[in-house]
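Input sequences plus hints: build the corresponding full structure.
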Amino acid sequence: MSNQDHVTEELGSELHRRADALHGAPLTLDAVRGRARGIRRRRRVAAASSVAAAVALVAAVSTVLPGLDRADDLQPAPAPPSSGPGASVLYDGVVTLPGGDTVSVDVANADVSQFGVLTDGRLVVANQAERAVQVFAPDGSLAATYPVDLLLVTMSSTDELAAWTEGSRVQVLESGSTEPVQLAHMPRSAGTIPMVDAVTGDHCADGGCRAILSDGTTTTSEVTVDGVRELTTSEPLRVTDVSPDGGTWAVAFPSAEDEQYGCAGLYDPAAGQVTARSCDSWGLEFSPDGQHLLAGYYENNMASSVTMLDRDLEVVGDVSPSPQVVSRAAWADDTHVLAVLAGLEDNQWSLVRVPLDGGDPETVAGPVRGGNPEMLSEFLPSE
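First residue of the sequence shown: 531, per our numbering; consecutive thereafter.
These are calculated hints, taken from the structure and not from any lab test. Note that beta-carbon positions come from the ideal geometry of N, C-alpha and C, so glycine has one too. Warning: the hint list may mix true and false statements.
Here are the in silico distance ranges between beta carbons for each label pair [said to hold, decoys possible]: (1) 764 x 715: 22 to 32 Å; (2) 745 x 841: 20 to 30 Å; (3) 746 x 715: 17 to 27 Å; (4) 745 x 805: 21 to 31 Å; (5) 760 x 669: 37 to 47 Å; (6) 798 x 636: 36 to 46 Å; (7) 905 x 634: 20 to 30 Å; (8) 659 x 698: 43 to 53 Å; (9) 708 x 784: 37 to 47 Å; (10) 765 x 877: 40 to 50 Å.
Have a look at this one:
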């Protein structure tokens, strides 16, 4: 058995195991252990900026790429039984779903800036090599290729929707629908392309979906099939995620002139008010049940640590693997985080699963030798 086959098999079997059935040997990195609530909350300066800064926002071709035509007769198959809330993981051309099933796709990690898995089993991939968004069927075959303005895919918190922009219009691919729905034309400021920070709703073809837009700094408006409307908030902010029930925004506040980083918070759009704020966290992402959040400062494609927070933005756990770094992190399920760890000196990579209850982290896959973490992530969690 090759090293690749071994790691793929190990990854699949480990992701299949439920949290209450995990009994593997813990990592030997004491600092990776989940912290208790009373952990000191100091700013971890991996010198970080947005994960989005690590995502290659590449200006793309304006037509469907030659030889990769859209499959107009595509009939999305039902999702595999094991797919569900939580991140899938791409490793060496194989995507491992949360329940352990695997799908082979003809993409390399180094070429993928982001990918998501719709609830109908299709994979939506931002492919830097093709400079386009590619949609793969549940069996891993290429179904369609779409041109983009920015090589950036935004998934809804429920994984029912995937959105990107093309021709200054948001394209929303809904689970179970063959082709993306085109939302209304977006106004463009000089030299800018509107960015989709969040997408919500259902029945997009009937006008039930909306995309929240920003100029890359602050949230500006929302767009539906019917048009664009300006958004007014109690203070400048940018949406980083939306809770699964749609009732709360995770947001980032602009930094002051004397600050390297801004603060993060939770915002109630119906009431028009901030409900929680933390200046020790950034880049908030809701857990599948919406009860916790994941945060981390990223720079040069990595972070020194990530933290798990409750709805009051109090720290309930963290992953701090010094001398290793965190290349990526995502929710495995409601109570566990998947963290991709890499060594800057030896380029050794591991995928670990960290519980919120303070228990020991479990090694899901690795260690394996890989590339430079400043350039890529050997294990790539889905959005």
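A quick look at each hint next to the structure:
1. Taken as a hint, the range 22 to 32 Å holds for the pair residue 764 and residue 715, whose Cβ atoms sit roughly 28 Å apart.
2. Between residue 745 and residue 841 the beta carbons are some 28 Å apart, a value that agrees with the proposed interval 20 to 30 Å.
3. Between residue 746 and residue 715 the C-beta distance comes to about 19 Å, which sits within the given range of 17 to 27 Å.
4. With their beta carbons about 24 Å apart, residue 745 and residue 805 fall inside the hinted range of 21 to 31 Å.
5. Between residue 760 and residue 669, the C-beta spacing of about 43 Å keeps the proposed range 37 to 47 Å intact.
6. One distance hint, 36 to 46 Å for the beta-carbon pair residue 798 and residue 636, holds here, with the actual separation near 43 Å.
7. Range check, residue 905 to residue 634: about 24 Å between beta-carbon atoms, so the 20 to 30 Å window is met.
8. Distance hint check for residue 659 and residue 698: the Cβ-Cβ separation is about 24 Å, which falls outside the suggested range of 43 to 53 Å.
9. A beta carbon spacing of about 40 Å between residue 708 and residue 784 agrees with the range 37 to 47 Å that was offered as a hint.
10. The hint said 40 to 50 Å for the Cβ distance between residue 765 and residue 877, and at roughly 43 Å that hint holds.
In terms of the numbered hints stated before, the structure departs from hint 8 and from no other.
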